[in-house]
Amino acid sequence: MTTTDNAVEENAVEEGAAAKPSSSDVTTPTERSFPDPYEIETPEGAEGWEDMYAYHNRFLPSRQAEDSAKTWFRNSLHYPEVSYPFDQVTIDGAFTGTGVTNTRVFALPPAKGLDVRVINGYTYMSTIASPDADEQARRAEEFGKRAGYYFQNWDALYAEWEGRVTTAIRAVRDIEVPPLSEFESLERVTEDRGPTQANQLLVAYHRLLEHGDQIWTLHSEFLNLGYAAYLQFLTLCKEHFPEIDDQTISRMVSGVDVLLFRPDDELRALARRAEELGVGELVIAATTEAELLSNLADSEAGQTWLSALDVSKDPWFSFSYGSGMYHSHRSWIDDLRLPIQAIGDYIHRLRGGDDLTRPIDKLQKERDELVTHYRSLLDEEDLPAFNETLALSRTVFPYVENHNFYIEHWFLTNFWNKAREFSSLMQKWGFWNDVEDIFFLRRAEVEEAIVDLQMAWSAGGNPQGGHHWPAIITRRKQIYEALSNWNPPPALGPVPGEVNEPLTIMLWGITPETVERWLTAQDGGGSRTQLTGFAGSPGIAEGRARVVLRPDQLDTVQDGEILVSPVTSPSWTPVFGRIRASVSDIGGIMCHAAIVSREYGLPAVVGTGFGTTTIKTGQLIRVDGNAGTVTILDEPTGV
Amino acid sequence: MGKYTRKFTELNRHDRPLVGGKCASLGEMVQAGLPVPDGFAVTVDAYEDYRDASNLRQELLRIVLGADAQNHASLQQAHNESVALILGSELPAAIEQEIRTAYLALSRETATRRGTDDADRIPVAVRSSATDEDGDAASFAGQQETYLWVVGADDVIDKVRECWASLYTPQAIAYRSELSVADASEASKISVAVQLMATADVAGVTFTVSPRTGDRSVIAINASWGLGQSVVSGEVTPDEYWLNKLGPTLTTTRIASKAHEYVPAPGGTGVLFRDVEVERRDIACLTEAEVLQLAEIALRVEKHYGCPQDIEWALEHHADGTAKVMLLQSRPETNWKKRKEEKSKNTTKGTANLLGFVAAATKGDN
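Top line first, the protein sequences correspond to chains A and B. Numbering-wise (the working numbering), the first sequence opens with residue 1 and increments by one. Numbering-wise (the working numbering), the second sequence opens with residue 640 and increments by one.
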């Protein structure tokens, strides 16, 4: 090792001496690396950010030798924004869930879980070293029994899983936050003599955390098995058709009736219903829920429509505006403006002669034709393997496609809102002024605050919280702002020697090519006017860019613009009716932007890495969904 | 037609021993209703009878077997002697007459169809048509000669003889001098294709399998201005059009700077290599509709032969803006089979390892 490294360095020096290095020669390959996590500076105004995150998620000084030697990839797919202190529950929970499932439940032979660190508020992860051959063999024996059981009983286990998830969602929704009434009930004295509200408050909070943690084991239960089964089919397709793109392969497998489309279908149905009931005009006239209620409550038809709306809401409006992983994303049910606007758009489209039905039969037929086509290109001897792996992929896919609605949307909508119930109670007791403030406390800090409240309420005094938390929360809000303006690098630490762990590649889109692209961009190379990503949906479109960094900026999107975002959420689907193309920084094989774009016939380029930091709102850009490129046609302004 | 010539319309793939691979393939394409310029084959028998009638056979064999394959001067001398013999000996009247009649029939028929008055002087391409199976040996054996824009029966006959003579390049002599007498004799059988010139303004090659990866779901079209040699010979970097067979749909277009082209010489015979005007160099030489038309025809050719093809074509634009595609030749593309054997090479060890475990689990081998 050492000898080789020296030889390379000597060569580099000799070359440097022989020819005067031009600027591009200054960085020789051996020197290239991502920033060392221990040399990352705190952005101005964010001093003290470390207090917002639990020690177990931070780079600790005494572990520098170990942690600096590893490559850390930024997880911008699930955590694109700065994490809030309380919202770390989705970091801790998700990595626990995927880790325990891989490592301890199924004993996936070649891969374990991931280490997690937060720096300047952004989440990074690093793979735990692969097991050695002996350990792999031991794990393989277990994996065969465990994964085999799942593969062979998939449909029954999936049906049972849906029941368990729904139960968990209801359980969170039904957690009772004790009202802290003036007196304990008389029944407590005469009948049950159980725990008091003081004790129940903490128990209820623990129950919230318990469900918040456990849901991630449910999330991961089938996920890697599903991806592994899909990877079989993907690999086989790529062996036979080296130039086939990932989207074509997933189209052969994916269902046409996916839960993530259901909320949008509900909006279409509500638009139709409004027209049938003759209340379309009243719906169009409303922009908020209050207006909707006042417009419609007076008539019988209006009442009928409102009850149809209520039926659709549960559960289909528990649909996050973002990834769901942040409390701040909120869901349709919390803010009806987007659904109301979308229903209005759909009413206009109905009047324009569009019947608004999703072409399920046509999509089904296209999917069948696609499979028939690729089968016809295969030799007879290759057909059985193709058919078998396709069939298994289709068995596992409903879970792969639908788990996201259950967990990230339905469950987390209920989870964040239950946390707000606790916050309301504490707000009443003077802890803070705003219900959203609770999210600036870490989970352990919330527990401390609850103990404070339970002591004060029990004694009949006043809690300390109002004298402690407001200053901390105010400071943390400033820090949060400062961190939000920081530009996190895509990776930290040394350049990885080899990226070949297939699930990493498939789930995170991290390939040797992406690593190379990051390095080039970091070193100031690469084109400033052209971005490369994955061809998500075919076609070419030109238009003005609209950069949308957060869900609350969605209403700025104008007709005919090109949406440029870090990552799109399924709940943005209604906006796709307005745009001409979409570009995202992040995108794996099951990327939502690509699926919806194809459905709408819009060109899409996903996984560009730097779309939102390179493109400015208002710039004219060309999206080539065939080649996977985005070209900036305007000179950047103000540069 | 007679013993020495056969119209393409009378041929199919089984006629390879009689008319060589190229003519058999053209006949097969005509039979399949594919757009191939009309023409005829000068059969293997024509050359065989010529060699016998003029007593050339023994003489040529002596020259070939007597050449020293390691000695350049010796090969060059053998080449000169053989060519002089073939071009200088008298062609039996029966053979000459049959070629002449076949050409004039083709020429007059075409002039009538086109409504032109050059009834006896319609330009044709004259090319060797090798009889061996895979075509690999043909290049060694000098059976790949092509003459374009040949006009009039006399010139056609001359060029047929030059195709015959092209069996005796120094390289071909070196190749055959190391074979047995029987094999050398077999490797010196030759047929010639005489085919109407496509007056193409764009030409190129279509592969019904990806030449870069062997992917059978892909069609690749290379095209450039003028006649097809510029693409086939590699003298010009052609435009590339990549399609998915499903549809077919155009997936990628790469426009090259096409600085040169071959065009028919002004005198009506031969071709000219010239610069392309600046304004035409960097624009696409095919419209999307033309690309799709070429792809659809290519799929028909592939379907007809049942395996991936490498197709040479030419495109003739009419005054009304429409374009007519003509197929000049189609050969099986054999590389994809080799690719298939090494297909798993792109699957990383990590993936193969994981999939091994998954396959075992799904099959319940535990």
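Among the clues, some could well be false.
Residues from chain A that keep clear of chain B, each with C-beta distances beyond 12 Å, as calculated [claimed, not checked]:
{"#": "1", "residue": "S130"}
{"#": "2", "residue": "L282"}
{"#": "3", "residue": "D345"}
{"#": "4", "residue": "T389"}
{"#": "5", "residue": "T395"}
Calculated lysine to any residue pairs in the SDA-like style (CA-CA distance at most 20 Å, straight line) [what the hints assert, rightly or not]:
{"#": "6", "chain 1": "B", "residue 1": "K1002", "chain 2": "A", "residue 2": "T96"}
{"#": "7", "chain 1": "A", "residue 1": "K238", "chain 2": "B", "residue 2": "T891"}
{"#": "8", "chain 1": "A", "residue 1": "K362", "chain 2": "B", "residue 2": "G886"}
{"#": "9", "chain 1": "B", "residue 1": "K963", "chain 2": "B", "residue 2": "N719"}
{"#": "10", "chain 1": "B", "residue 1": "K942", "chain 2": "A", "residue 2": "T217"}
{"#": "11", "chain 1": "A", "residue 1": "K145", "chain 2": "B", "residue 2": "G886"}
{"#": "12", "chain 1": "B", "residue 1": "K988", "chain 2": "A", "residue 2": "P110"}
{"#": "13", "chain 1": "B", "residue 1": "K988", "chain 2": "A", "residue 2": "A129"}
{"#": "14", "chain 1": "A", "residue 1": "K477", "chain 2": "A", "residue 2": "P384"}
{"#": "15", "chain 1": "A", "residue 1": "K238", "chain 2": "B", "residue 2": "W881"}
{"#": "16", "chain 1": "A", "residue 1": "K362", "chain 2": "B", "residue 2": "K963"}
{"#": "17", "chain 1": "B", "residue 1": "K1002", "chain 2": "A", "residue 2": "T395"}
{"#": "18", "chain 1": "A", "residue 1": "K238", "chain 2": "B", "residue 2": "K963"}
{"#": "19", "chain 1": "B", "residue 1": "K988", "chain 2": "A", "residue 2": "P512"}
Calculated directly from the structure, the hints in this document are not laboratory data. Think of the CB as a built atom: it goes at the ideal place given N, C-alpha and C, for glycine as much as any other residue.
(request) List in ascending order the numbers of the hints, as given earlier, that are violated by the structure. (result) Numbers 1, 4, 5, 6, 9, 10, 11, 14, 16 and 18 - these are the hints that the structure violates, sorted from lowest upward.
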